[in-house]
Amino acid sequence: MNINWFEIIVQIINFFILLFILQKLFYKPVIKVMEERQQGIRDIRDEADLKKKEADELIQEYRSNLKTFEENKAEEMNKAIKEADEKKEKIIESYMKEADAKRESYINEVKEEKEYFLHELRSTLGKSSIIIASKILKTISEEDLTEKIFEVFIKKIESLEKEKLEEEIKLDGEKIILISSVALSEEQKNRFKNAISEKLDFSIEIDYEIDEHLIMGFELNLESLTVHTNIENYLREAEDSIKKILDKKTS
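Once you know that position 16 of the sequence shown is 350 in my numbering, the rest is easy, because the numbers rise by one and skip nothing.
It is worth saying that the hints were derived from the structure and are not from the lab.
Computed from a predicted structure; not experimentally measured.
Don't take every hint at face value.
With a straight-line Cα cutoff of 25 Å, these simulated DSS-like cross-link-like pairs (lysine-lysine) come out [unchecked claim]:
#1 Lys413 <-> Lys424
#2 Lys490 <-> Lys504
#3 Lys533 <-> Lys490
#4 Lys424 <-> Lys436
#5 Lys504 <-> Lys523
#6 Lys523 <-> Lys533
#7 Lys498 <-> Lys527
#8 Lys533 <-> Lys498
#9 Lys509 <-> Lys489
#10 Lys387 <-> Lys401
Could you build the full structure based on these sequences and the hints that come with them?
And the structure:
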């Protein structure tokens with residue numbers, strides 16, 4: 335078998351020429367395209383990593399903002415609750431003050447009305463008692479009630495101990511004041527003066543005063559001794575009884 339070296343050499347040359355042509359016309363462009371594609375893939379991967387990083391940063395920022403929002407929300411909520419509690423306390427305090435003021439005003443009104451009622455009642459009782467007692471006394475004995483009360487007062491003066499009375503009058507500077515609900519007649523003044531003088535070894539000065547609140551009575555106030563006869567005490571007892579009833583009703 336004969337080998338055609340020329341043909342072999344030509345084929346080898348053609349192969350290298352083909353390789354050169356393929357490298358120039360096909361291989362390098364393909365390699366370039368592949369490299370460009372790989373670079374594109376790397377760029378896409380890098381961009382994806384960048385986007386992922388940006389997304390992670392956004393998520394982190396969102397979480398941070400959400401946490402801050404929740405904290406602010408909780409703070410605002412606590413602040414709102416605190417303000418609501420403060421407003422509630424102010425409203426309750428204002429209401430309590432208003433209620434206390436109304437209650438105090440009501441109590442004062444009731445107290446004033448009660449005092450006025452007692453005053454009117456006492457006045458009415460006093461006048462009515464005097465009228466009724468006077469009519470009864472005149473009916474059964476034809477005596478004036480004022481004169482009868484004056485007689486009781488004189489008897490009390492006459493029953494005083496001489497030494498005690500002298501001591502009391504000396505402490506008052508040897509001057510006494512007789513208080514009565516109405517003006518005394520000259521006869522009554524003389525009777526009182528005589529009753530006092532019989533108990534004393536010295537002369538004294540006597541003044542007379544009128545007190546309408548005494549309610550048909552007579553009163554002699556000394557340093558530590560008081561002699562009185564009047565209807566007022568009985569009226570006070572009646573007034574106290576009625577006052578206790580009113581206190582129970584209004585308490």
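I'd like to know which numbered hints this structure contradicts. Please list them from smallest to largest. Nothing - there is no hint that the structure violates, so all of them hold.
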